[in-house]
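**Student:** Just so you know, the sequences run in chain order A and B.
Residue 269 in the working numbering sits at position 269 of the first sequence, and the numbers go up by one each step.
Residue 363 in the working numbering sits at position 7 of the second sequence, and the numbers go up by one each step.
Careful, some of the hints might be misleading.
Said to hold, decoys possible - Lysine to aspartate or glutamate pairs mimicking DMTMM-like chemistry, simulated, CA-CA at most 25 Å apart:
| hint | chain 1 | residue 1 | chain 2 | residue 2 |
| --- | --- | --- | --- | --- |
| 1 | A | K27 | B | E502 |
| 2 | A | K228 | B | E540 |
| 3 | B | K584 | A | E24 |
| 4 | B | K398 | B | E471 |
| 5 | A | K155 | B | E457 |
| 6 | A | K211 | B | E546 |
| 7 | B | K584 | A | E227 |
| 8 | A | K211 | B | D467 |
| 9 | A | K14 | B | E546 |
| 10 | A | K158 | B | E602 |
| 11 | A | K155 | B | E471 |
| 12 | A | K228 | B | E551 |
| 13 | A | K228 | B | E457 |
Stated by the list, open to error - Selected chain A positions facing chain B (Cβ under 8 Å, derived; list incomplete):
| hint | residue |
| --- | --- |
| 14 | P106 |
| 15 | F110 |
| 16 | Y202 |
| 17 | M325 |
What the hints assert, rightly or not - Simulated restraints on C-beta separations:
| hint | chain 1 | residue 1 | chain 2 | residue 2 | range |
| --- | --- | --- | --- | --- | --- |
| 18 | A | D46 | B | R689 | 15 to 23 Å |
| 19 | B | K481 | A | P258 | 33 to 41 Å |
| 20 | A | A213 | B | N539 | 33 to 41 Å |
| 21 | A | R280 | B | K643 | 41 to 49 Å |
| 22 | B | K619 | A | V318 | 49 to 57 Å |
| 23 | A | D329 | B | D397 | 20 to 28 Å |
| 24 | A | A213 | B | D680 | 40 to 48 Å |
| 25 | B | G399 | A | Q21 | 44 to 52 Å |
| 26 | A | A213 | B | D397 | 13 to 21 Å |
| 27 | B | D402 | A | D215 | 30 to 38 Å |
| 28 | A | M12 | B | K619 | 55 to 63 Å |
Simulated from the structure, these hints should not be mistaken for laboratory data.
Don't be surprised by glycine CBs; every beta carbon is placed ideally from N, CA and C.
Spelled out from the first residue to the last, the chains are:
There are 2 protein chains.
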Amino acid sequence: MAQKDFTITKVMTKKPKPDDQELEFGKHFTDHMFVMDYHIDKGWYDGRIIPYQPITLDPASMIFHYGQTVFEGLKAYSTSKGDVQLFRPDENIHRLNRSNERMCIPTIDFDLAMEAIKQLVSVDKDWVPKAKGTSLYIRPYIIATEPYLGVAPSKQYKFIIILSPVGAYYKEGINPVKIAVENEYIRAVEGGTGEAKTAGNYAGSLIAQEKVADDGYAQVLWLDGHEKRYIEEVGSMNVFFKINGEVITPALNGSILPGVTRKSVIDLLKSWDIPVTERRISLDEIKEAHQKGQLEEAFGSGTAAVISPIGELAFNQVHMVINDMKTGDVSKRLYDTMTQIQYGDIEDPFDWTIRV
Amino acid sequence: MAQKDFTITKVMTKKPKPDDQELEFGKHFTDHMFVMDYHIDKGWYDGRIIPYQPITLDPASMIFHYGQTVFEGLKAYSTSKGDVQLFRPDENIHRLNRSNERMCIPTIDFDLAMEAIKQLVSVDKDWVPKAKGTSLYIRPYIIATEPYLGVAPSKQYKFIIILSPVGAYYKEGINPVKIAVENEYIRAVEGGTGEAKTAGNYAGSLIAQEKVADDGYAQVLWLDGHEKRYIEEVGSMNVFFKINGEVITPALNGSILPGVTRKSVIDLLKSWDIPVTERRISLDEIKEAHQKGQLEEAFGSGTAAVISPIGELAFNQVHMVINDMKTGDVSKRLYDTMTQIQYGDIEDPFDWTIRV
Ligand SMILES: Cc1ncc(COP(=O)(O)O)c(C=O)c1O
Ligand SMILES: Cc1ncc(COP(=O)(O)O)c(C=O)c1O
Numbered sequence: 001m002a003q004k005d006f007t008i009t010k011v012m013t014k015k016p017k018p019d020d021q022e023l024e025f026g027k028h029f030t031d032h033m034f035v036m037d038y039h040i041d042k043g044w045y046d047g048r049i050i051p052y053q054p055i056t057l058d059p060a061s062m063i064f065h066y067g068q069t070v071f072e073g074l075k076a077y078s079t080s081k082g083d084v085q086l087f088r089p090d091e092n093i094h095r096l097n098r099s100n101e102r103m104c105i106p107t108i109d110f111d112l113a114m115e116a117i118k119q120l121v122s123v124d125k126d127w128v129p130k131a132k133g134t135s136l137y138i139r140p141y142i143i144a145t146e147p148y149l150g151v152a153p154s155k156q157y158k159f160i161i162i163l164s165p166v167g168a169y170y171k172e173g174i175n176p177v178k179i180a181v182e183n184e185y186i187r188a189v190e191g192g193t194g195e196a197k198t199a200g201n202y203a204g205s206l207i208a209q210e211k212v213a214d215d216g217y218a219q220v221l222w223l224d225g226h227e228k229r230y231i232e233e234v235g236s237m238n239v240f241f242k243i244n245g246e247v248i249t250p251a252l253n254g255s256i257l258p259g260v261t262r263k264s265v266i267d268l269l270k271s272w273d274i275p276v277t278e279r280r281i282s283l284d285e286i287k288e289a290h291q292k293g294q295l296e297e298a299f300g301s302g303t304a305a306v307i308s309p310i311g312e313l314a315f316n317q318v319h320m321v322i323n324d325m326k327t328g329d330v331s332k333r334l335y336d337t338m339t340q341i342q343y344g345d346i347e348d349p350f351d352w353t354i355r356v
Numbered sequence: 357m358a359q360k361d362f363t364i365t366k367v368m369t370k371k372p373k374p375d376d377q378e379l380e381f382g383k384h385f386t387d388h389m390f391v392m393d394y395h396i397d398k399g400w401y402d403g404r405i406i407p408y409q410p411i412t413l414d415p416a417s418m419i420f421h422y423g424q425t426v427f428e429g430l431k432a433y434s435t436s437k438g439d440v441q442l443f444r445p446d447e448n449i450h451r452l453n454r455s456n457e458r459m460c461i462p463t464i465d466f467d468l469a470m471e472a473i474k475q476l477v478s479v480d481k482d483w484v485p486k487a488k489g490t491s492l493y494i495r496p497y498i499i500a501t502e503p504y505l506g507v508a509p510s511k512q513y514k515f516i517i518i519l520s521p522v523g524a525y526y527k528e529g530i531n532p533v534k535i536a537v538e539n540e541y542i543r544a545v546e547g548g549t550g551e552a553k554t555a556g557n558y559a560g561s562l563i564a565q566e567k568v569a570d571d572g573y574a575q576v577l578w579l580d581g582h583e584k585r586y587i588e589e590v591g592s593m594n595v596f597f598k599i600n601g602e603v604i605t606p607a608l609n610g611s612i613l614p615g616v617t618r619k620s621v622i623d624l625l626k627s628w629d630i631p632v633t634e635r636r637i638s639l640d641e642i643k644e645a646h647q648k649g650q651l652e653e654a655f656g657s658g659t660a661a662v663i664s665p666i667g668e669l670a671f672n673q674v675h676m677v678i679n680d681m682k683t684g685d686v687s688k689r690l691y692d693t694m695t696q697i698q699y700g701d702i703e704d705p706f707d708w709t710i711r712v
């Protein structure tokens, strides 16, 4: 039986909280954090909630050299009833463990991880912001800590959870963003680490984002690593296209991150009897649909932004304006329904939310 | 003019040194380390040599989440004359800065980096081991330290150098190793980060190594990410094949690490009038050459192992034994000449070594 009786050490003095209205993404952190250690001889041990504090590591710790690490991102929401609830945390824990397997990191007992998230959020409950669009972002992550320069899986790890009260991810909110198609750099390729939520995927993607940021593009749209022909995903979102009444999203092919929001969007569309298909889709197909006037909507899906309509897709010198740069009906309905479920404003027919 | 007047704080009590004969790779660290900070408003500042000590970082530091980091690996050698010398440190510094550019990390002034390496090795000179095959491994690295969960280049970094007295990387020494061809996982693809010395490339490769380690394979041979047909490199070595009198190594195609040892091997072979070609080479070509009895030698090249003859190459159920599992003449001559230059036993006609 896995340890669940975490020791809890609370802060003496709580930090002042940022104004709910002025929250940015990932800049403020709460009073406490969760830490648990792993040693190959002991397994995971010493789960504890402690005051938010710096981590002290040997400079030879493997995380600094070979990047053996995974992370997750999910949110806790303040409901109108005054509760705090999590959105599909089970999905994040399962994905964490799938990422662990790809990265040769020992998996974490499901119940233990769930308990750690719940208890930590519970301890810092007064940090869950209440203003519209705000939430408490939960960042579980695991880092390799063995001080050793050989290239091999670490024998020691730390599992850490930190919490950050956040506002809207995109300054634009639910307003459409401009996305640039990346045709030089590659995020991931089948057989690589694209399917895992691991640091290297993000480090490698920065250069592409930098390239287009000056031109006003929020993020890049990645193409496949083999032929640079097929759509993969956006910076930190999966992507959907509504073409001629049908919603299409790239199938999970081994290089795309299997998003929890993506899965939820598919479930919602099905429940509404809106045709939705997971399949390979090329940039050419998108272009053609656009030319024919059949590209009705495009949007990204992700925990940070929920639903982010794409108002413009640019590649080379071509700028495809989608739905007159306005939020489409399906995008809007998905955003509204998802957020209403997340904030407990409507019934949750799927049992997606879990009360803390 | 970049800062070079580093402050030096020496330890009060030196650590006991490990026995030269029992050194492993990357397990022991010296008394001191070099640290320099970067802030977007200040540039690189406060270069200092301090006692080897833990690093203290905010748990939201970007290195833990998005893996923005680069590293290098080079060595200092004790010569028979009692000097300490570095092997081509200029190449490593240039490569560090090329990696920095790919990973959106601010570059470091060449002279400053060189001075940091030299001064640190000088302070820990008595840590350079003297037994045959031993050396002082130098690990410069840069990590993103800004506490921020947005996916963007960090505004703060640390440049750190640590030193580790090392024995031979492979237990087998110059004896041939067995290498397995990897046909499921991919290390890198053009447009990705393969050319940069960055953590994510190594984290992603662990699973492949794990898969074959039990069967006695030292490392895996990576194939290209597009077609899994062309040879890329070995775990932490570039790779060469001697076919019918000609030495062939995969051309630097954007996904292969440009090894300093690789470059030196090419220079040496040219100086000996042994034909050497950098070009795309397929696994099929290797197989065919082996069947015809023309695959005379195969070897890896890298700072850790210098030259590592490949005695067996395995893929699927086929085991190609190369040169009867014995070290070939060219491999031997390269190893001997490289190490003689590195240890100052012969003249250095190329000006590769730099005295500390
Ligand atoms: C690369 C990438 N794709 C897609 C997503 C969306 O996944 P989720 O809906 O689980 O947040 C994320 C996570 O934010 C991501 O990092
Ligand atoms: C992936 C990879 N390939 C090749 C090499 C060889 O490079 P070098 O000869 O500069 O050590 C290394 C470094 O050790 C490496 O990590």
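**Student:** I'd like to know which numbered hints this structure contradicts. Please list them from smallest to largest.
**Tutor:** 3, 5, 8, 9, 10, 11, 14, 15, 17, 18, 19, 21, 22, 23, 24, 25
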